[in-house]
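Colleague: The residues making up each chain are set out below.
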Amino acid sequence: MRIEMNGKGTDTSCRTVMQLHDALFPDADVMILNGYRISCDVRLNENDQIYFGKSKDFPDIEGPEMITSTRDSTFVHERLGKATVGIAGLGGLGSNIAAMLARSGIGCLVIADFDTVEPTNLNRQNYYIDSIGMNKTDSTENILLHINPFVKVDKHCTKIDENNAADIFGECDVVCEAFDSPSAKAMLVNTLLTGSSEIVIVSGSGMGGYYDSNIIRTEKRMERLYVCGDNVNGDTTTMVGLMAPRVNICAGHMANAVIRILMDSIQ
Amino acid sequence: MVNAMKINGNNINLISPIPLVEFLSVNGYDPERIAVELNGDIVPKKEYADAIIKDSDSLEIVSFVGGG
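Those protein sequence lines, which keep their order, are chains Y and F.
Heads up: the first sequence begins at 1 in this note's numbering, then just goes up one per residue.
Heads up: the second sequence begins at 1 in this note's numbering, then just goes up one per residue.
Looking at chain Y on its own, in the form it has when it is part of the complex (with noise of 0.2 Å):
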């Protein structure tokens, strides 16, 4: 039968899980099959995916299949690694979703920032005391490489406006409006719907205080453009700010949405 065994094809005679397990790696406490971990016996089939190795210990294995064969969601990740997503603003928003889509294998980040990181931002952003000063860019990039070595990360420190904003993102998928002004956000969606009749765009709009969670949703609200929010409460409009539970939450919609549409449309 073959298989592929952590990230190569193998021919094997064992005709179970375990019976691999036992043969050749005795010491793995960590079988994933198929992209799901699993912990009893089970048959094998042709073509499965295995991956055995040691919890604590770094994987074995060379190229992007380290990272897509040693974790959850396979098949997911091997879609997603095709894609090339665009973040426009690496804030609150921006930042988080950047590492939430690296973790989950998107091929291609396209990022964009023009500003640094200051102490003000590490309430909600991802970032860290050693960041400050950083270009966001920059700061953004070496995180997302901690996370996922094998993310392409194209990075432009740079204002995004009506000149560039389809230079910058017009071989994006998917493109996630992360701003925080109104007007920008306004600009970054007029612009990337007007000027491309393929780009999706994922926008955020009232993350502020610390409302109810429940109330922030994704719609699609146009042909190609869907909404994550409450639409109410902004950085302005709330007596607390932007805190980071809400700015999280509206993020991982964020991504979630633009993984739901990665995975229906590209084949």
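Since the hints were made in silico from the structure, they are not lab data.
These numbers come from a predicted model, not from an experiment.
Note that the Cβ used here is the ideal one computed from N, Cα and C, for glycine as well.
Do not take every clue at face value.
[Unchecked claim] Below, simulated DSS-like cross-link-like pairs (lysine-lysine); rule was C-alpha separation at most 30 Å, straight line:
1. LYS220/Y x LYS82/Y
2. LYS8/Y x LYS54/Y
3. LYS54/F x LYS152/Y
4. LYS159/Y x LYS54/Y
5. LYS82/Y x LYS54/Y
6. LYS82/Y x LYS155/Y
7. LYS46/F x LYS220/Y
8. LYS46/F x LYS159/Y
9. LYS6/F x LYS45/F
10. LYS6/F x LYS155/Y
11. LYS8/Y x LYS82/Y
12. LYS56/Y x LYS54/F
13. LYS54/F x LYS6/F
14. LYS6/F x LYS220/Y
15. LYS45/F x LYS159/Y
16. LYS152/Y x LYS56/Y
17. LYS220/Y x LYS8/Y
[To be verified] Every beta carbon over 12 Å from chain Y, so not counted as near; a handful from chain F, in silico:
18. ILE18
19. PRO19
20. VAL21
21. GLU22
22. ASN27
23. GLU37
24. ILE42
25. LYS46
26. ILE52
27. ASP57
28. SER63
29. VAL65
Fit chain F to the known structure of chain Y by using the hints.
Modeller: What follows is chain F alone, placed relative to chain Y:
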């Protein structure tokens, strides 16, 4: 019977066709903070003044809230 115009999924009856820019102004929308889709097509900002909306149209207006 006149078809009602749909705005963000709600039926609205228009007395007569009006320019989009007037409709936005009367209803308190800031053109700098919105995106507008008319019958499934995005309306470029520079066409807000010329676009006329009428009963039977379907209009989607997304108004963005700050913070990100």
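Colleague: Each hint needs a verdict: does it hold in this structure or not?
Modeller: Hints versus structure:
1. The hinted pair formed by LYS220/Y and LYS82/Y meets the criterion: a straight-line CA distance of about 24 Å does not exceed 30 Å.
2. A hinted pair counts as satisfied when its Cα atoms are at most 30 Å apart, and LYS8/Y with LYS54/Y qualifies at roughly 18 Å.
3. With a C-alpha separation of about 47 Å, the suggested pair LYS54/F and LYS152/Y falls outside the 30 Å cut-off, and the hint is violated.
4. Proximity of LYS159/Y to LYS54/Y is assessed by CA-CA distance (about 45 Å); at most 30 Å being required, the pair is judged violated.
5. Distance check on the hinted pair: LYS82/Y and LYS54/Y sit about 29 Å apart at the alpha-carbon level, within 30 Å; holds.
6. This hinted pair checks out: LYS82/Y and LYS155/Y have alpha carbons roughly 18 Å apart, not beyond 30 Å.
7. Between the alpha carbons of LYS46/F and LYS220/Y the distance comes to roughly 24 Å, so the proposed pair stays at or under 30 Å and holds.
8. A distance of roughly 22 Å separates the Cα atoms of LYS46/F and LYS159/Y; the hinted pair therefore holds under the 30 Å criterion.
9. Restraint check for LYS6/F and LYS45/F: satisfied, since their Cα atoms lie roughly 20 Å apart, inside the 30 Å limit.
10. Pair hint LYS6/F plus LYS155/Y does not hold up; C-alpha atoms about 41 Å apart against a cutoff of 30 Å.
11. Of the supplied pair hints, the one linking LYS8/Y and LYS82/Y holds, its CA atoms being roughly 20 Å apart against a limit of 30 Å.
12. For a cut-off of 30 Å, the pair hint linking LYS56/Y to LYS54/F is broken: about 65 Å separates their Cα positions.
13. Proposed proximity of LYS54/F and LYS6/F is supported: the alpha carbons are some 10 Å apart, at most 30 Å.
14. For the suggested pair LYS6/F and LYS220/Y, the alpha carbons sit about 16 Å apart, so the restraint of at most 30 Å is met.
15. The suggested pairing of LYS45/F with LYS159/Y holds, with an alpha-carbon distance near 20 Å, which does not exceed 30 Å.
16. In summary, the hint linking LYS152/Y to LYS56/Y is supported, as the alpha carbons are separated by about 26 Å, within the 30 Å threshold.
17. For the given pair, LYS220/Y sits about 41 Å from LYS8/Y by alpha-carbon distance, which is inconsistent with the 30 Å threshold.
18. Taking the minimum C-beta to C-beta distance to chain Y, about 21 Å, the non-interface status of ILE18/F holds against the 12 Å cut.
19. Distance to chain Y confirms PRO19/F as a non-interface residue, since its nearest Cβ pair spans about 18 Å, more than 12 Å.
20. Distance to chain Y confirms VAL21/F as a non-interface residue, since its nearest Cβ pair spans about 15 Å, more than 12 Å.
21. Under the 12 Å C-beta cut-off, the non-interface status given to GLU22/F relative to chain Y holds; the minimum distance is some 19 Å.
22. Every CB of chain Y lies more than 12 Å from the CB of ASN27/F, the least distance being 16 Å, so the non-interface label holds.
23. The claim that GLU37/F is not at the interface with chain Y is violated, since a C-beta of that chain comes within 12 Å of its own (minimum 4 Å).
24. The Cβ of ILE42/F sits about 4 Å from the closest Cβ of chain Y, inside the 12 Å cut-off, so the non-interface label is violated.
25. Chain Y draws LYS46/F into its interface by the beta-carbon criterion, the shortest separation being 10 Å against a cut-off of 12 Å.
26. Every CB of chain Y is more than 12 Å from the CB of ILE52/F (nearest about 19 Å), matching its label as outside the interface.
27. Residue-level check passed: ASP57/F sits 15 Å from the nearest beta carbon of chain Y, beyond 12 Å.
28. Annotated as non-interface, SER63/F brings its C-beta within 12 Å of a C-beta of chain Y; the closest such distance is 8 Å.
29. Taking the minimum C-beta to C-beta distance to chain Y, about 4 Å, the non-interface status of VAL65/F is violated against the 12 Å cut.
Checked against the numbered hints listed earlier, the structure breaks hints 3, 4, 10, 12, 17, 23, 24, 25, 28 and 29; every other hint is satisfied.
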